[in-house]
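If you read the protein sequences in the order shown, they are chains Y and G.
Letter by letter, the first sequence follows residues 4 to 341 of my numbering.
Letter by letter, the second sequence follows residues 7 to 811 of my numbering.
These aren't lab readings, by the way, just hints derived from the structure by calculation.
Ideal placement from N, C-alpha and C gives every residue a C-beta, glycine not left out.
Hints are not guaranteed to be accurate.
[As the list claims (entries may be wrong)] Simulated pairs of lysine to aspartate or glutamate, EDC-like, Cα-Cα distance not exceeding 20 Å:
| hint | chain 1 | residue 1 | chain 2 | residue 2 |
| --- | --- | --- | --- | --- |
| 1 | G | Lys105 | Y | Asp279 |
| 2 | Y | Lys10 | G | Glu756 |
| 3 | G | Lys662 | G | Glu764 |
| 4 | G | Lys105 | Y | Glu140 |
| 5 | Y | Lys242 | Y | Glu309 |
[Said to hold, decoys possible] Simulated DEER-style distance windows between Cβ atoms:
| hint | chain 1 | residue 1 | chain 2 | residue 2 | range |
| --- | --- | --- | --- | --- | --- |
| 6 | Y | Ala32 | G | Lys769 | 55 to 63 Å |
| 7 | Y | Gln31 | G | Lys753 | 30 to 38 Å |
| 8 | G | Ser759 | Y | Val47 | 53 to 61 Å |
| 9 | Y | Val25 | G | Ile748 | 37 to 45 Å |
| 10 | G | Glu146 | Y | Gln326 | 49 to 57 Å |
| 11 | Y | Ser322 | G | Lys88 | 46 to 54 Å |
| 12 | Y | Val47 | G | Ala755 | 55 to 63 Å |
| 13 | G | Ala734 | Y | Val47 | 55 to 63 Å |
If you want the building blocks of each chain, they are given just below.
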Amino acid sequence: MGSSNRKKREKAKDFKKTKLKVGKGKPQASNFTDTSFKSKAIVVNQQSLQADAPDPVEQFKHNLSLASSSRSDTQRKEALAYLTTQLSHQPPNNPVGTSAILTKLLPLITDAYTSVRQQLLKLFRALPPAEVRPDVEKALMYVRAGLTHLSADIRSDALNVMEWLLDAASEEVVSCPGGWMKTLNSFSAMLGWNYSIGTATGSQGWTMASKATLGATKGGFLQARAITLLARFLQAGFKPDATVAYNPQAYWDNIYRLPRRSNPFAYLNLFGPARDEEGEMYPDRESRQRVFHSKWNKSITKGLSEAKQEGGAVGRAASLLDQTLSDGMGNFRGESGL
Amino acid sequence: MKPSFLHQQALQLQYNPRETQRPPNLGINRGSLAVVQLEFVAWRRCHTRPDQSIKMKRKVAALEKVDADLPALQYRIRRDPKSYAQEFFDQFLAYDAQKQIFLSAPATASSEDVKKFHDLVDMIAHVADCYPDVTGQFAEDLKALITQHHATLHPELREKVVGSLSLLKKKEIIDSTSLLTTLFPILVSTPSKSLRALLFQKILSDLREANSKSINHRLNRTMQTVLHNLVSSDRSSPKAIWAVKLTREMWKRQLWTDAKPVDVMKEACLADNEKVIVGGVRFFLGGDKEREELEDESSDDEAVDLKQVKHQVGINKKSKKREKAYKKAVEKVKRQERKKHQPHPLNFSALHLLHDPQGFAEQLFQKHLQNTKSKLALENKLLVLQLVTRLVGLHKLTVISLYSWFTKYLTPKQANVTSFLASLAQGTHSLVPPDAVEPLIVKIANEFVSEASASEVAAAGINAIREICVRQPLAMSETLLQDLVQYRKSKDKGVMMAAKGLLSLYREVGAELLKKKDRGKDATMGIRSGDIQQLKYGEEEVATGIEGLELLAKWKEEQKKRKRAEREANGELKEGEEKDDDEDSFNESDWEVESVESDDSGGWINVDHSDDEDEKPAAKKAKRDDSEAPDLVDADKENDEEEKEDPAAEAERLVKLATTTILTPADLAKLAELRMEANINKAMGNTNKHQKALAARHTDDGLTAEQIELPAKLRKTTKEERLELARAGKPNRDEHKSTQAIKRSKKDAEGKSTTNKEKARKKNFLMTIGKAKAKNKRSLTETRRVLKGHVERSKRGGRRGNIGM
Numbered sequence: 004m005g006s007s008n009r010k011k012r013e014k015a016k017d018f019k020k021t022k023l024k025v026g027k028g029k030p031q032a033s034n035f036t037d038t039s040f041k042s043k044a045i046v047v048n049q050q051s052l053q054a055d056a057p058d059p060v061e062q063f064k065h066n067l068s069l070a071s072s073s074r075s076d077t078q079r080k081e082a083l084a085y086l087t088t089q090l091s092h093q094p095p096n097n098p099v100g101t102s103a104i105l106t107k108l109l110p111l112i113t114d115a116y117t118s119v120r121q122q123l124l125k126l127f128r129a130l131p132p133a134e135v136r137p138d139v140e141k142a143l144m145y146v147r148a149g150l151t152h153l154s155a156d157i158r159s160d161a162l163n164v165m166e167w168l169l170d171a172a173s174e175e176v177v178s179c180p181g182g183w184m185k186t187l188n189s190f191s192a193m194l195g196w197n198y199s200i201g202t203a204t205g206s207q208g209w210t211m212a213s214k215a216t217l218g219a220t221k222g223g224f225l226q227a228r229a230i231t232l233l234a235r236f237l238q239a240g241f242k243p244d245a246t247v248a249y250n251p252q253a254y255w256d257n258i259y260r261l262p263r264r265s266n267p268f269a270y271l272n273l274f275g276p277a278r279d280e281e282g283e284m285y286p287d288r289e290s291r292q293r294v295f296h297s298k299w300n301k302s303i304t305k306g307l308s309e310a311k312q313e314g315g316a317v318g319r320a321a322s323l324l325d326q327t328l329s330d331g332m333g334n335f336r337g338e339s340g341l
Numbered sequence: 007m008k009p010s011f012l013h014q015q016a017l018q019l020q021y022n023p024r025e026t027q028r029p030p031n032l033g034i035n036r037g038s039l040a041v042v043q044l045e046f047v048a049w050r051r052c053h054t055r056p057d058q059s060i061k062m063k064r065k066v067a068a069l070e071k072v073d074a075d076l077p078a079l080q081y082r083i084r085r086d087p088k089s090y091a092q093e094f095f096d097q098f099l100a101y102d103a104q105k106q107i108f109l110s111a112p113a114t115a116s117s118e119d120v121k122k123f124h125d126l127v128d129m130i131a132h133v134a135d136c137y138p139d140v141t142g143q144f145a146e147d148l149k150a151l152i153t154q155h156h157a158t159l160h161p162e163l164r165e166k167v168v169g170s171l172s173l174l175k176k177k178e179i180i181d182s183t184s185l186l187t188t189l190f191p192i193l194v195s196t197p198s199k200s201l202r203a204l205l206f207q208k209i210l211s212d213l214r215e216a217n218s219k220s221i222n223h224r225l226n227r228t229m230q231t232v233l234h235n236l237v238s239s240d241r242s243s244p245k246a247i248w249a250v251k252l253t254r255e256m257w258k259r260q261l262w263t264d265a266k267p268v269d270v271m272k273e274a275c276l277a278d279n280e281k282v283i284v285g286g287v288r289f290f291l292g293g294d295k296e297r298e299e300l301e302d303e304s305s306d307d308e309a310v311d312l313k314q315v316k317h318q319v320g321i322n323k324k325s326k327k328r329e330k331a332y333k334k335a336v337e338k339v340k341r342q343e344r345k346k347h348q349p350h351p352l353n354f355s356a357l358h359l360l361h362d363p364q365g366f367a368e369q370l371f372q373k374h375l376q377n378t379k380s381k382l383a384l385e386n387k388l389l390v391l392q393l394v395t396r397l398v399g400l401h402k403l404t405v406i407s408l409y410s411w412f413t414k415y416l417t418p419k420q421a422n423v424t425s426f427l428a429s430l431a432q433g434t435h436s437l438v439p440p441d442a443v444e445p446l447i448v449k450i451a452n453e454f455v456s457e458a459s460a461s462e463v464a465a466a467g468i469n470a471i472r473e474i475c476v477r478q479p480l481a482m483s484e485t486l487l488q489d490l491v492q493y494r495k496s497k498d499k500g501v502m503m504a505a506k507g508l509l510s511l512y513r514e515v516g517a518e519l520l521k522k523k524d525r526g527k528d529a530t531m532g533i534r535s536g537d538i539q540q541l542k543y544g545e546e547e548v549a550t551g552i553e554g555l556e557l558l559a560k561w562k563e564e565q566k567k568r569k570r571a572e573r574e575a576n577g578e579l580k581e582g583e584e585k586d587d588d589e590d591s592f593n594e595s596d597w598e599v600e601s602v603e604s605d606d607s608g609g610w611i612n613v614d615h616s617d618d619e620d621e622k623p624a625a626k627k628a629k630r631d632d633s634e635a636p637d638l639v640d641a642d643k644e645n646d647e648e649e650k651e652d653p654a655a656e657a658e659r660l661v662k663l664a665t666t667t668i669l670t671p672a673d674l675a676k677l678a679e680l681r682m683e684a685n686i687n688k689a690m691g692n693t694n695k696h697q698k699a700l701a702a703r704h705t706d707d708g709l710t711a712e713q714i715e716l717p718a719k720l721r722k723t724t725k726e727e728r729l730e731l732a733r734a735g736k737p738n739r740d741e742h743k744s745t746q747a748i749k750r751s752k753k754d755a756e757g758k759s760t761t762n763k764e765k766a767r768k769k770n771f772l773m774t775i776g777k778a779k780a781k782n783k784r785s786l787t788e789t790r791r792v793l794k795g796h797v798e799r800s801k802r803g804g805r806r807g808n809i810g811m
């Protein structure tokens, strides 16, 4: 009996409330651990304390890496903002070169946060257009990925980047490998003017409305914008090739002088993987017209006529596109014209 | 209904809010609830104050982010491919763009790009079958990607591509051949271990699946040719190990059972790479055993007790789950039954499927053993040696140089010498010239067997000699044998037994070589009567008729006698009737093996019935019947009367018996049983376990070093070993307590309650003392009542009783 009583008491003790007494501190908890310590000096192992501010080049690089790889969106945005200010100095402060910046930052086109994307666009606009040109092909890849992204916001921001590209280097955009056909593909996917979907699903019902994806959330505004940009793109593509003044030295230059452009033999595609029809480059107006005529004319005309009927911003944009088409393709005589 | 369509409605609302003043229809369907919410937000925005709309806007952004994930899209596409064609096409373009980005720098792609590409590949692979027109190129893309960049791809992406390809195969977008021809070259060439493991598993499962319904001969042939080429094209490359592994797996699962995979393995054995050689050799030595074991495992796994399941269904609450479980059990039992009745597949062992075993054995021997330049490790050399000797013994091949090669390895100091001895014995057969083996036997005797050598060594030597002589008795010389036989007087049990084994062997196969006093009764009598004659070299025992037929006849006759005796004892014997019951009875069940145990009517069917009519009942059986087809009933008379007749006539009679009667399957089964029994009995007067095992050993099985070493194990174990044995499997105890106390403390630690007995034992003494005192003062009747009550309670099962049980 005695032992069981004792046990009972021991058990009950756990649930008893301890009495607080005046003038005495709170009793320590049973699991209390004393963590106080004394030390004569504090040694911080991993931090280097420097009196002067870090080197601006280092700072730039640090921010560049932050912008491209930080996990926090505000940090990314702020790093981008820092880079933008550095780039918009006169003269621009760019220790790594435009190409390196683009390589690092292009993936941000499909960043999940709107603020980051907007800041990115500002940064792009601060870049000198001449230095962007060699990297247009790479930039276009990311833009296309953005144009076909699932999220509508990213798509619309990708359109802005596209606009910047057209501003900066319209000629390279339409003539680089994949720049013509693939970009047109993305545009038509955005607008829902698709020639291949009907054959893919086997039926062409009335649900195949023109505004399948893009028009959905942001409404006609975005569609109008996409059509306007398509018009700009086509304008760039159908721009008549500038007639070069006769240069008696041109022949010899061609043979003996080093080319001034980057990758002058790109059209030979010596080192890349084999290209198919879509990834091919279409360097001159005629070839672009030919491809456009055989692949796109029909579906774009159809979509265009539907868009025109809508009126409003979309209608206006559509008529602009119509104008562009008639200007660009007006003198094209089809296959027989070649 | 598609969300985009709903969106259109929402947009219209937004454009001209004056026209529609009520919120859009909210009850469209549950799937598009989020979308409807969006619309609602759009509608509200037109009609509410701006500060509210800001709050809403944040909500919209959150919703949209959720909406933009690929798994959701994949789920929707799966449900309604037609409506989501546009979205899919967009994502296909996105995949294309991402692929371009990726391919522009596959080695240095950022982890984010890799992740996006990974997700898109995953999504498209899952729904590719819905849009065959759009995704026609997809599989080719993946194949090109993995083939060209497998070395540099991100591991996860690589795995995803392989997984997607096998998924596409599962969806029948690509066929097995193209999948295998893509994956196999990568398997062979990739430096990544994890990828190799994945590919191997995928290839294997694909092959298994292709062969699951019916054997896909075309695919197998293609694959086997590829493997064969891989092994035979470059002999020194380690890549062939994959061919070996694949073949072995397929062989194990009985999917490949013909000569072609054996040929692949043969080529592997003749390779230059050590790993490949060992893989091939191990296959021949152990592949068939592995196959059998797997079959046994699969056949006896989880036998379902149908009765129990049925019973449980009757008791328990009925539910769909239980019903399903029952159905499944029934199905399983049926399947097992069917499997049991299926004819056993005739699978030849790999050693029997070899084409030219002579050439193979010679090549193996010359390349890996005789060749001084071969750099194989000793254990691998031993494996090769085992294979060579196994082939020689099994197919009775002649590789003369093999025996002289053995000479230098037959010393007690040689590592693994027992394996060498076993191999030597295994490689000996009756067609080996005795001259080739004799020096080896002499060498073994000189090196191993002497009074000075350790007892284990001597035992192993004698055992080895015995095993050799079992296969080629002519290799023994008289003096040596007599010398060795004397070791049966040895004090060591192992040596003694080995020598006795040798002695009993030679009593059978060559008693003339033994001294007269050692020959034993049977041998001496046999030699005198001329029964036992030693076979000359190359001479074979010619089988006459069916082996063991006389045993069966004898057994039948005994059965008959016994029956007759029984009947006579019962007084049931009636004239004429006995015939119908006994000899003539030709019932269907005789054709089933199981139906005849040992007591049933004889299965002998007399084809010629002419003598049946005038056959006399058993009482007059002394009369000799001169029928031309003697049946079994006559056998005993013959035994009685014609003991002296020469054996030639007896043999002739048996032959005649075999040609004029039909043996039922039951008879054949009994015959096999009897033959085995007789073999055992003949081999050993007193049969012990080891000897029985020896007799039952299949000729296909090889000889192992353990069989040579066996007597060494007879030595008693040391004390430490015995202690270890005794301690094994028992709980570790530090202090010496009673078992009960240990159990109790364990239960306490687990927090379990005490039993009533334990409580009673622990009860305070003062509490029990009163009762104890009172017990002493009980009257007789009281005591009786208490005792009775106790008995009754124990019958009832306690105070509460077992009511309701």
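Results for each hint:
A hinted pair counts as satisfied when its Cα atoms are at most 20 Å apart, and Lys105/G with Asp279/Y qualifies at roughly 14 Å. Between the alpha carbons of Lys10/Y and Glu756/G the distance comes to roughly 18 Å, so the proposed pair stays at or under 20 Å and holds. A distance of roughly 81 Å separates the Cα atoms of Lys662/G and Glu764/G; the hinted pair therefore is violated under the 20 Å criterion. Using a Cα cut-off of 20 Å, the hinted pair Lys105/G and Glu140/Y holds, with the two alpha carbons roughly 14 Å apart.
With a C-alpha separation of about 26 Å, the suggested pair Lys242/Y and Glu309/Y falls outside the 20 Å cut-off, and the hint is violated. Look at Ala32/Y against Lys769/G: about 39 Å separates their beta carbons, and that is not inside 55 to 63 Å. Distance hint for Gln31/Y and Lys753/G: a CB-CB separation of about 36 Å, consistent with the stated range 30 to 38 Å. In this structure, Ser759/G and Val47/Y meet the distance hint of 53 to 61 Å, their C-beta atoms being roughly 58 Å apart.
For Val25/Y and Ile748/G, the hinted distance range of 37 to 45 Å is not satisfied, since their beta carbons lie about 53 Å from each other. In this structure the supplied range 49 to 57 Å is violated for Glu146/G paired with Gln326/Y, their Cβ-Cβ distance being about 41 Å. The hint said 46 to 54 Å for the Cβ distance between Ser322/Y and Lys88/G, and at roughly 33 Å that hint is violated. Judged by the Cβ atoms, the range 55 to 63 Å given for Val47/Y and Ala755/G is violated: they are separated by roughly 48 Å.
For the pair Ala734/G and Val47/Y, the supplied restraint of 55 to 63 Å holds, since their beta-carbon distance comes to about 57 Å.
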